[in-house]
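2 protein chains.
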Amino acid sequence: MSETVHALIPRLRAICGDDGVITDSAQRRTYESDGLAYHAAIPGVVVLPTSTEQVADVVRLCSENGVPFVPRGAGTGLSAGALPHSGGVLIVTSRMRRIREIDIDNECAIVEPGVANLEVTRASAPHGYYYAPDPSSQQVCSVGGNIAENSGGAHCLKYGFTVNHVLGLEIVTPSGEVVRLGGKSAEAPGYDLLGAFIGSEGTLGIATEVTVRLMRAPQRVTTVLAAFESMDAGGSAVSDIIAGGVLPAAVEMMDALAIEAAEAAVACEYPEGAAAVLIVELDGPAADVDAQFDAVTELCRHNGAFEIRTASDAAERARIWKGRKSAFAAVGRISPAYIVQDGVVPRTALGEVLHRISELSQRSGIRVANVFHAGDGNLHPLVLFDDSDPEAGERAEEVSGAILDLCIEHGGSITGEHGVGVDKVCTMPRMFGPADLETMDRFRGAFDPDGIANPEKLLPTPRLCGERPGVRKGEHPLVAEGTAELF
Amino acid sequence: MSETVHALIPRLRAICGDDGVITDSAQRRTYESDGLAYHAAIPGVVVLPTSTEQVADVVRLCSENGVPFVPRGAGTGLSAGALPHSGGVLIVTSRMRRIREIDIDNECAIVEPGVANLEVTRASAPHGYYYAPDPSSQQVCSVGGNIAENSGGAHCLKYGFTVNHVLGLEIVTPSGEVVRLGGKSAEAPGYDLLGAFIGSEGTLGIATEVTVRLMRAPQRVTTVLAAFESMDAGGSAVSDIIAGGVLPAAVEMMDALAIEAAEAAVACEYPEGAAAVLIVELDGPAADVDAQFDAVTELCRHNGAFEIRTASDAAERARIWKGRKSAFAAVGRISPAYIVQDGVVPRTALGEVLHRISELSQRSGIRVANVFHAGDGNLHPLVLFDDSDPEAGERAEEVSGAILDLCIEHGGSITGEHGVGVDKVCTMPRMFGPADLETMDRFRGAFDPDGIANPEKLLPTPRLCGERPGVRKGEHPLVAEGTAELF
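If you read the sequences in order, they're chains A and B. If you read the first sequence in UniProt numbering, its first letter stands for residue 1, the second for the next number, and so on. If you read the second sequence in UniProt numbering, its first letter stands for residue 1, the second for the next number, and so on.
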C-alpha cells in the first residue's frame with residue numbers, strides 16, 4: 001500500500017466508518033479487476049460510502065492529497081474501466097442502493113448509483129412502467145456503472161442508450177464539489193453536461209443520485225426467432241425489415257458457432273442446422289405489433305428462413321432469449337479461452353464486415369463466434385483460443401484487433417457499449433485526430449485539473465501508449481495496411 | 001468600428017473574398033439584433049464565409065488578435081443569443097447552405113449550417129423521410145442556429161429536441177481548430193461533447209457541417225382540435241390523455257386571448273366561445289393512430305369539449321395549425337407591444353401555474369395570452385402592454401419575470417427552447433448554485449480560454465449581473481418572496 005494512501009486511512013474511517021473502509025490485502029484483492037479480468041491491480045484502499053456527503057468528503061480528501069480515485073459500481077464492466085489504482089482509493093457504490101422515489105406522475109424515478117439496473121424495473125413494474133436500458137448484466141450491474149459506460153442492451157435499437165433515459169444527476173466532481181446536472185424537467189438552460197458525463201467512465205467524478213426516465217410497459221410484446229441456412233440470408237432479412245419501415249425493439253443475430261456454444265451450455269434448442277438465428281422483438285400497441293409481426297415473418301420467409309418460432313408470453317420469450325443471453329458465457333463450453341470484442345459498423349456495412357471477419361478467421365485458424373445487435377451494427381465477436389498455447393493467444397489478440405480495424409475502416413467505432421477503459425485507450429488515436437483528442441483532454445482537465453479521477457483510462461497518454469499512439473503491444477496492423485495475407 | 005477589428009479587415013477579405021466581408025455601417029446595422037429586437041448592437045464587421053476553412057481561418061484570426069466573434073444563422077433566435085459585439089466579428093453562415101448528402105440507407109443527411117430547417121425535410125421527402133425538429137420558424141431558421149439553441153418545436157413531446165436528431169458535427173473551436181464530434185455511427189467512444197455542444201449558444205465554437213438523423217414519414221397523421229369552456233377543462237383533458245398512455249406527436253393549447261389574437265390576424269375560425277383550444281396531433285402506423293384517435297376524442301368529450309374537429313389530410317391540418325403557428329405574431333393585432341416568455345414547468349404543475357399567471361395578470365392589469373406546448377409543460381405566455389406607456393412596459397417586464405419565478409418555484413426551467421442568450425443570463429443564478437455555474441464556466445474555459453466566443457452570453461458575470469446576481473434591473477421578486485399583493 002502506498003504511503004500516501006496509508007496516511008489517509010484514519011480520515012477515511014472517520015468519513016465512512018470502520019465498516020466502510022477495507023484495508024486487508026486479501027479483501028482488497030477481491031476488487032482487483034472488473035469483468036475484464038486480464039487487467040488487474042490491487043487497490044490501495046477500498047471505501048464503501050453510504051451517502052453523497054461521504055463520497056464528497058472522500059473525494060475532497062483525495063483531491064487535497066493528490067491521491068487518485070477510481071469509482072466502481074458492481075464491477076461487471078468489460079473494458080477495465082474500474083481497474084483499481086494501486087496507489088489510490090477505490091470508491092465502491094454498493095452500499096448506496098436505495099430507490100428514493102418512484103414518481104409515476106412525472107414518469108421518472110430517483111435512485112442511488114448502486115441500485116441494480118433491473119431493480120428499477122422491478123420497482124416500477126407494479127405501476128405498469130419499466131426502465132428501458134437492458135445490458136445483459138442487468139440483474140447485477142449498477143445504474144451508476146451504466147452511467148459511466150453509457151450502457152445499451154438488446155433494446156437500444158429502438159430505445160437508445162442510458163444517455164436517452166437519464167434526466168438528471170447529482171455528481172461529486174473530482175474536486176469534491178456536489179453539482180446537479182439536469183433534473184425532472186425536460187429542458188435545462190446552460191451546457192448539457194449531463195450528456196457529456198454519461199459515458200465518461202468515471203473520469204469526471206461520481207454520480208451520487210440518478211433521476212431516470214420510466215417508460216410505460218408496452219401493450220404487446222412479440223418475439224420472433226427465425227433460422228436461416230446462411231448469415232447472408234439472415235443479414236438480408238434484417239436489411240429488408242429495417243428498409244420496410246419496421247422498427248423492432250431488438251434485432252439480434254447469432255452465427256453457427258455461437259449457436260453451438262449456447263446449445264452446449266443451456267440447451268436452448270434453437271432449430272437444428274441453422275447457420276444463423278435471428279431474434280426480432282416487436283413491442284408497442286397491439287394493433288401495431290400485429291401488423292409488424294406479419295411483415296417481419298413474411299420478410300424472413302422471403303429471405304429463406306426455414307423455421308420461424310413466435311413467443312407471445314413471458315415464458316416463451318425467455319426460452320427464445322435464453323440462448324442469446326447466455327452466449328458470451330457459453331463459449332466457455334467450446335473454447336478454453338476467448339476475447340469478447342465490441343465494435344460498431346454502419347448497418348449497411350454489416351454484410352461486408354462479417355465476410356472479412358470470416359476471412360480473418362479462416363486465414364488465422366482462430367475461430368470467431370458472432371453474436372450481435374444486428375439492428376444497429378453493434379458487433380460482439382467472440383474470438384476463441386486455447387490459452388495453453390501462448391502463440392494462439394497472441395494470434396487471437398491480433399484477430400480481435402484486426403476486427404476493430406475493420407470497424408474503423410468502415411466508418412464505425414471501436415466500442416459500441418463496453419467502453420474504452422484501459423483496454424482500448426491506445427486505440428483511441430485510430431478513431432480521433434490530435435485536435436479531437438486535445439479537445440477531449442481539455443474538457444477532462446476542466447473537471448479534473450489534477451488528474452486524479454480514474455487516471456490512465458479513456459484518453460491515451462504517451463506513457464501508456466508509447467511513441468506510436470494507437471498501435472497496441474503485439475498488434476499487427478493487419479487490415480489497415482492491407483497485410484491480411486499474413487494469415 | 002473598433003481599431004482592432006478595423007485592422008483585421010484586409011485579412012478577413014483575403015479569407016472570405018471582398019463580397020464576403022461587410023464593413024458599410026448601414027449594412028452592418030441590418031444585423032444589429034436577432035428575433036429579440038430590444039437587444040441591439042452594431043457588429044464591428046460582418047463576414048459571410050462559404051467553407052469550413054474560411055470559418056476556421058476567420059476564427060483563428062480572431063483568436064490570435066483577442067477579438068470576440070459571434071456566430072449567427074438566420075437571426076430568428078428569441079434570446080438575443082446572436083446579439084453582435086460592437087468590437088467583434090459577426091460570422092454569418094447564410095452562404096453555407098448546401099445539402100451535401102442524403103443517405104437513406106443510413107437514415108441521415110449531411111448539411112451545411114446555413115441550410116434552413118425545412119429544406120432538410122424538403123430534400124428527404126421524395127424518399128419518404130423527414131427531419132423531425134420543427135420550430136415555428138422552420139421555414140427560415142438555420143440548422144446551425146437550431147444546434148446553438150437546441151431547438152424544439154410543437155412535436156418535441158414525442159420526438160425530442162435537436163440534440164435527439166443530430167448524429168455528428170464538424171465544428172471550429174474558438175482557437176480555430178476543426179474538430180469532429182460524433183458521426184453517422186450511433187455510438188462513439190470518449191466524451192459525448194456532441195450533446196454539450198448542442199445548445200451551447202455559440203459559446204463553444206461554430207458548427208460547420210451537420211449530420212442529422214432522418215425519420216421515416218409516419219404512415220398516418222391525424223390532427224384533432226377540441227374546444228373547451230375553460231382552461232381547466234382543457235388541461236384536465238391533456239392530463240387524461242397522457243395518463244391514458246397515448247403519446248401524441250404534439251399537444252398544443254391556447255387560451256381565449258391567444259385565440260382572439262389569432263382570429264384577428266389570420267381568421268383561423270376556431271370554434272366560437274372557446275375559452276381554450278387544444279390541438280392534439282397523432283402520428284404513426286395507421287392502426288395505432290386510429291386507436292389513439294378514438295381514445296383522444298373520447299377523453300376530450302369526457303372533459304367537456306363542446307366541439308371537436310378532425311383533420312386527416314395536409315390541407316385540413318394546415319387549417320387547424322394556422323391559428324397556433326401565427327399566434328406569436330398575431331398578438332400584434334390586439335396589443336401595441338408584447339413580451340414572449342419561455343418557461344417550463346413539470347406537466348403536473350401546469351394547472352396550478354396557469355392559475356397563478358391568471359392571478360398575476362388580474363392584479364397587475366397586464367393581459368397575458370397563453371400559448372403552450374401542453375404535453376411537455378413548455379409555456380409561452382405573451383405578456384401584452386402598451387409601449388407608449390413607460391410604466392406599463394415596466395409592469396409587463398415584472399409580470400414576465402414573475403412568470404419565470406413561478407416556473408423555478410415549481411421545479412421547472414427558465415427556458416424551454418428559446419435559450420438564455422443575453423436576455424436571461426442574469427436569471428441563471430436563480431436556477432443554478434455557484435458550484436453548478438462554476439463547473440459550466442470551467443467547461444466553457446476549456447473550449448474558449450480567451451473568452452472570445454460569443455462573450456457575455458449564457459453564463460452570468462459580475463459585470464453583467466452586478467453584485468446581486470439573478471435579480472434583473474427593474475425586477476421585483478414578486479412571487480419568490482410572496483409579495484404578489486403589490487399588484
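Everything labelled a hint here was simulated from the structure, so no lab data went into it. Please read these numbers as outputs of a predicted model, since none were measured by experiment. Treat each hint with caution, since some may be false.
Because identical chains cannot be distinguished in the list, a pair is counted as satisfied if it fits within a single copy or across any two copies.
To be verified - Taking lysine-lysine pairs in the BS3-like style, the calculated list, with each CA pair at most 30 Å apart, reads:
| id | residue 1 | residue 2 |
| --- | --- | --- |
| 1 | 322 | 158 |
| 2 | 184 | 325 |
| 3 | 184 | 158 |
Hints breached by this structure: Those not satisfied: there are none.
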